[in-house]
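Undergrad: Sequence order for the protein chains is A and B.
First residue of the first sequence: 1, per the working numbering; consecutive thereafter.
First residue of the second sequence: 1, per the working numbering; consecutive thereafter.
Just to be clear, a hint being listed does not mean it is correct.
Claimed, not checked - Short, incomplete list of chain B residues facing chain A, as computed with Cβ under 8 angstroms:
{"no.": "1", "residue": "Trp74"}
{"no.": "2", "residue": "Ile75"}
{"no.": "3", "residue": "Ala77"}
{"no.": "4", "residue": "Glu149"}
{"no.": "5", "residue": "Phe157"}
{"no.": "6", "residue": "Gly160"}
{"no.": "7", "residue": "Arg167"}
{"no.": "8", "residue": "Leu172"}
{"no.": "9", "residue": "Phe175"}
{"no.": "10", "residue": "Leu176"}
{"no.": "11", "residue": "Phe180"}
{"no.": "12", "residue": "Leu184"}
{"no.": "13", "residue": "Ile186"}
{"no.": "14", "residue": "Val187"}
{"no.": "15", "residue": "Val190"}
{"no.": "16", "residue": "Phe194"}
Simulated from the structure, these hints should not be mistaken for laboratory data.
Predicted model only: the values in this text are computed from it and were never measured.
Every residue, glycine too, gets a C-beta built ideally from N, C-alpha and C.
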Amino acid sequence: MNLGSMLAFVRPDLDWHALAPELTLLAVGTLVTVADIALDDKAKRMMPTLTGIGLLVTLVPILTLAVDGAERPMFGGAYVVDDFSLVLKALFILVGYVVVLMSVDYVREGDYYENEYYTLLLTSLLGMVMMASSRDLVSVFVALELLSIPAYMLAAWRKGGPRSNEAGLKYYLMGVFASAVMLYGMSLVFGVAGDTDFGTIAAALTGEGASPIVIVAILFVLIGFAFKVSAVPFHTWAPDTYEGAPTPVTAFLSVASKAAGFVALLGLVFVAFEGAADVVQPFFWVLAAVTMTVGNLIALRQTNIVRMLAYSGVAQGGFMLAPFAVAFEDDAWQVPGTDITTTPYFAIVVYAVIYAFMNLGAFSVVLAVSRRTRSGDISSYGGLFSYAPGMAVLMTLFLAALAGIPPASGFFAKFVVFWALAGAGTPAGWVLAVIVAVNAVIAFGYYARVLQQMWFEPVPEMVALGVDSGGDDELDLAEAADATANQDEHGDAWLATETRQATMVRFTPGRIPMTGALAAALAITALATLAFGVLPGLVSHFGDVATFHFGG
Amino acid sequence: MDATGFDAWALTLAVFLPAVGALVMMAVPRARELELKMIALGASLATLAVGVYLLFAFDYGNAGTLQFGVHKGWIDAINADYILGLDGLSLPLLILSMVIIPLCVIYSWEHIPEPGNAKAFLILMLILASGMNGTFVAQDLILFFVFFEVVLLPMYFMIGVWGGENRRYASLKFFLFTLFGSALMIVSFVALYFVATNDAGAALNTFNMSELAAAAGGDLARGTQAIIFAGLFMGFGIKVPMFPFHTWLPDAHTEAPTVGSVILAAILLKLGTYGFVRIALPFLPEGAAAWAPWIGLLAVIGIIYGALGCLAQTDMKRLIAFSSVAHMGFVMLGIATLTPIGINAAVFGMVAHGIITGMLFFLAGSVKERYHTLEISRLGGLLKSAPRMGWILAISAMASLGLPGLAGFWGEFPAILSAYDPGAGLSEATFRTYMVIAAVGTVFAAGYLLWLFQRSAFGEPKPEWEGHVIADVNRYEWAAWTPLIIAMVLFGWVPGLIFGVVDDVSTGIACSIGTAVVGDCPWTG
Numbered sequence: 001m002n003l004g005s006m007l008a009f010v011r012p013d014l015d016w017h018a019l020a021p022e023l024t025l026l027a028v029g030t031l032v033t034v035a036d037i038a039l040d041d042k043a044k045r046m047m048p049t050l051t052g053i054g055l056l057v058t059l060v061p062i063l064t065l066a067v068d069g070a071e072r073p074m075f076g077g078a079y080v081v082d083d084f085s086l087v088l089k090a091l092f093i094l095v096g097y098v099v100v101l102m103s104v105d106y107v108r109e110g111d112y113y114e115n116e117y118y119t120l121l122l123t124s125l126l127g128m129v130m131m132a133s134s135r136d137l138v139s140v141f142v143a144l145e146l147l148s149i150p151a152y153m154l155a156a157w158r159k160g161g162p163r164s165n166e167a168g169l170k171y172y173l174m175g176v177f178a179s180a181v182m183l184y185g186m187s188l189v190f191g192v193a194g195d196t197d198f199g200t201i202a203a204a205l206t207g208e209g210a211s212p213i214v215i216v217a218i219l220f221v222l223i224g225f226a227f228k229v230s231a232v233p234f235h236t237w238a239p240d241t242y243e244g245a246p247t248p249v250t251a252f253l254s255v256a257s258k259a260a261g262f263v264a265l266l267g268l269v270f271v272a273f274e275g276a277a278d279v280v281q282p283f284f285w286v287l288a289a290v291t292m293t294v295g296n297l298i299a300l301r302q303t304n305i306v307r308m309l310a311y312s313g314v315a316q317g318g319f320m321l322a323p324f325a326v327a328f329e330d331d332a333w334q335v336p337g338t339d340i341t342t343t344p345y346f347a348i349v350v351y352a353v354i355y356a357f358m359n360l361g362a363f364s365v366v367l368a369v370s371r372r373t374r375s376g377d378i379s380s381y382g383g384l385f386s387y388a389p390g391m392a393v394l395m396t397l398f399l400a401a402l403a404g405i406p407p408a409s410g411f412f413a414k415f416v417v418f419w420a421l422a423g424a425g426t427p428a429g430w431v432l433a434v435i436v437a438v439n440a441v442i443a444f445g446y447y448a449r450v451l452q453q454m455w456f457e458p459v460p461e462m463v464a465l466g467v468d469s470g471g472d473d474e475l476d477l478a479e480a481a482d483a484t485a486n487q488d489e490h491g492d493a494w495l496a497t498e499t500r501q502a503t504m505v506r507f508t509p510g511r512i513p514m515t516g517a518l519a520a521a522l523a524i525t526a527l528a529t530l531a532f533g534v535l536p537g538l539v540s541h542f543g544d545v546a547t548f549h550f551g552g
Numbered sequence: 001m002d003a004t005g006f007d008a009w010a011l012t013l014a015v016f017l018p019a020v021g022a023l024v025m026m027a028v029p030r031a032r033e034l035e036l037k038m039i040a041l042g043a044s045l046a047t048l049a050v051g052v053y054l055l056f057a058f059d060y061g062n063a064g065t066l067q068f069g070v071h072k073g074w075i076d077a078i079n080a081d082y083i084l085g086l087d088g089l090s091l092p093l094l095i096l097s098m099v100i101i102p103l104c105v106i107y108s109w110e111h112i113p114e115p116g117n118a119k120a121f122l123i124l125m126l127i128l129a130s131g132m133n134g135t136f137v138a139q140d141l142i143l144f145f146v147f148f149e150v151v152l153l154p155m156y157f158m159i160g161v162w163g164g165e166n167r168r169y170a171s172l173k174f175f176l177f178t179l180f181g182s183a184l185m186i187v188s189f190v191a192l193y194f195v196a197t198n199d200a201g202a203a204l205n206t207f208n209m210s211e212l213a214a215a216a217g218g219d220l221a222r223g224t225q226a227i228i229f230a231g232l233f234m235g236f237g238i239k240v241p242m243f244p245f246h247t248w249l250p251d252a253h254t255e256a257p258t259v260g261s262v263i264l265a266a267i268l269l270k271l272g273t274y275g276f277v278r279i280a281l282p283f284l285p286e287g288a289a290a291w292a293p294w295i296g297l298l299a300v301i302g303i304i305y306g307a308l309g310c311l312a313q314t315d316m317k318r319l320i321a322f323s324s325v326a327h328m329g330f331v332m333l334g335i336a337t338l339t340p341i342g343i344n345a346a347v348f349g350m351v352a353h354g355i356i357t358g359m360l361f362f363l364a365g366s367v368k369e370r371y372h373t374l375e376i377s378r379l380g381g382l383l384k385s386a387p388r389m390g391w392i393l394a395i396s397a398m399a400s401l402g403l404p405g406l407a408g409f410w411g412e413f414p415a416i417l418s419a420y421d422p423g424a425g426l427s428e429a430t431f432r433t434y435m436v437i438a439a440v441g442t443v444f445a446a447g448y449l450l451w452l453f454q455r456s457a458f459g460e461p462k463p464e465w466e467g468h469v470i471a472d473v474n475r476y477e478w479a480a481w482t483p484l485i486i487a488m489v490l491f492g493w494v495p496g497l498i499f500g501v502v503d504d505v506s507t508g509i510a511c512s513i514g515t516a517v518v519g520d521c522p523w524t525g
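Chain A with its partners taken away, still in its complex shape (with noise of 0.2 angstroms):
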């Protein structure tokens, strides 16, 4: 595509077949508003079940691509659906719908507006679907505005509280600067590569070499994503966004978001800047071993669950981009003997997978636990194995899982990343891959934290009220002082972190009241991080698929 042909538009052959997810996708979304319109109150109650079902179909369309098979290119190459982009979609679809199972009742319960969540919802995961097919500079901006807009507003979501229009805003503003970075790299790369098809920049680049031109570009743009993967140092808003948001939607954002970036990085990385190995490589380099070590050793120091789960986030997000940093030690992935491929993107693929589902069954425990406890605080994680042993049993999974303890699935993500790292054979490789096992020690520290209170110690007799599990938070400061003056009259009701100063009430202990989304959720998240632990070849095979063809 160069200019001249975009001056001359022809509509260019759609594949419909190619399509048929995205197209799905966008009727889904379109369906939900239009029975909003047309039904108003009626229509609310079923909002999560439609945009579920809907989302479900839209598997439907990728299993049928991915048995066909084909490589299917479409707008000169600008967006192609192939194995690779099947397997995120799938992904971004299931996460999707672990996520409205998730919103079910923290959205009803919390009364906010069902329509337009779910409808925003969709939008942002039809953002994620395209990003993943996305192989030219102009589809991933586009794919990615389109995910990151929605996602603004639902951060922002409980719009009566502060920390929520604070998540929002802090979002939003750090969003529109990294797109502002990357676009200003975009448009430098297409000044030296004169196209912004990522064949065509990776031919171009390889023969520029180093021009401080080049290195200017290439890093813009990929400062661009690591704010949104929240590298650091560019991931000073994810902690407050992440609190802030309502907790399906940070759970949404640490997962679904997350490997979006990580997708458009694996195609800018591996395809487009396949030719500037010596700018790429150490950047990765330092921004994955600084990632994990920051990330890990502020979650030591939080007390606040999600905040917590929000900075070692941070910190899994350093691990995945430590393949990244010998992206192109091409010479190491031939294994002789073996028909495998030991490449950095398999780690990548797998690593995402893997962190996807456990993650999400992490915030979904803190679901369900904070609408007994109705607090975040990770004391108030006291004493639940004694009177929430199944929940507590299931905690003690995911973040074993986050910690890479086998049987559970995190082992296995932490483990090819060592793969891939080891497989490099680079000294730089080698002492990447010990920073790796060191901090994958560190961060043991801070679940463990989480594990003591929920096996350790007794139930407290006062929580801190805080996160949010949907409900009332709309009090302002001058009812958070009533609030603690009149704990008893107040009973029930509870504040969001909004005041910043903690407001202890009264905990009694018992069952924690679930509901079928919830278990739902759950139970998903379970399987498949006691399934991919246990038999890692599962998502090994999602990885395979996509290594051989994205490979090329």
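Fit chain B to the supplied structure of chain A, relying on the hints for placement.
TA: Structure of chain B alone, referenced to chain A:
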């Protein structure tokens, strides 16, 4: 090597039966305690029954080769397979693990430690059993790693939930130390995959342990081997634990509930020493030779340090914990000599230490239950107030100090002996020095154990216990302890029961190291 019929399933059953038992227990409500205990006992006894079958079906003439082999695909993407196998090195340790678990279940029958919850306690025990059995029979590095790690969380919870005063600190320390070691260990495993070669210099690219052992380092440079060995050393050495990584052990042992201490001492520590013999030595002979003098040095420091540590203790359980550091020092000294005698002694030492120290921890638990204290200065007159228990303590302490005729002797004496003539071209002067130091260590051992026995068992019961009934050994304790006491005496008189099984494997390992390092194997007959 693949077995057929029931043999092909025997090891899989041995590994997963306890886990199946744990799954079944999860479905039973917490209140039905008796049923839960029956299931736990049933699962552990069924596992032991498989062990008995293995003992009879094992081909002792071929103890050096893997038997009951299973080889199935597992994770194709990284070339890791589900490979199980049993040889003369695995057999004694597997049986030890299979015996200890049902004994622990029986011992816990009437006393689930505070804060109760038999269901969770026994489930964790069964998960531990699966992990330990799996580690001893896994013949693929990744599978080994998974089982090696599976034991961490259950033990962490066992210490943290049912432990003593300082349990939070002790459990976290235990976990972080071990995790740090295993993180470096897995890097070394991956390194082995990518750099291990055969003699011709072709990359092996396998996690299959028997293939890696057969290659014996191939043409890998000594420096590279030493670096990879260092990672393995951290992983296994912390688990053993070797001085100076031992600091987690006294805390963990002291705080753990009785059964937790028993399992920890009897089996978990052996995962480390087993790792050295099974993985570190045969895979990286040059690395082993490069590190052996240092391992030997740390081992003898551990012997002396552990003994001095024991003499400084006022708490019976902590004293036994420190004695583990010393005993594992003898095991590591045997391994460091890189000779068949040394490795034989090491394996014997592992089993003997498992039986004896396990027994001592059982005793400490029962003493604590009766006196509500383990302060040695407050105990005394055990032989009068509970004579049977006093005599059991006497036998166990004698066995632990290495009295000939009891099991402990055959772990220590040959280990010291082997240091006289180390293999693989190691410096004789260095190892003979170690030998002398280790011999001095046995004197210390006699010192602290006799001191312990004398102060707790001799004399009149202290006045503060007047009016207290100090019950003697009850039937659950008899049931749990008798097999251990029999084993102590049996292995003391017939050490060949273990030496005979292990010898083929240890000669094989020592020979492959000798051949790789100095091109010579003086031990083949």
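Undergrad: All hints, please: hold or fail.
TA: Taking the hints in turn, this is what the structure says about them:
no.	hint	result
1	Trp74	holds (7 angstroms)
2	Ile75	holds (5 angstroms)
3	Ala77	holds (3 angstroms)
4	Glu149	holds (5 angstroms)
5	Phe157	holds (6 angstroms)
6	Gly160	holds (5 angstroms)
7	Arg167	holds (7 angstroms)
8	Leu172	holds (6 angstroms)
9	Phe175	holds (7 angstroms)
10	Leu176	holds (6 angstroms)
11	Phe180	holds (5 angstroms)
12	Leu184	holds (6 angstroms)
13	Ile186	holds (6 angstroms)
14	Val187	holds (5 angstroms)
15	Val190	holds (4 angstroms)
16	Phe194	holds (5 angstroms)
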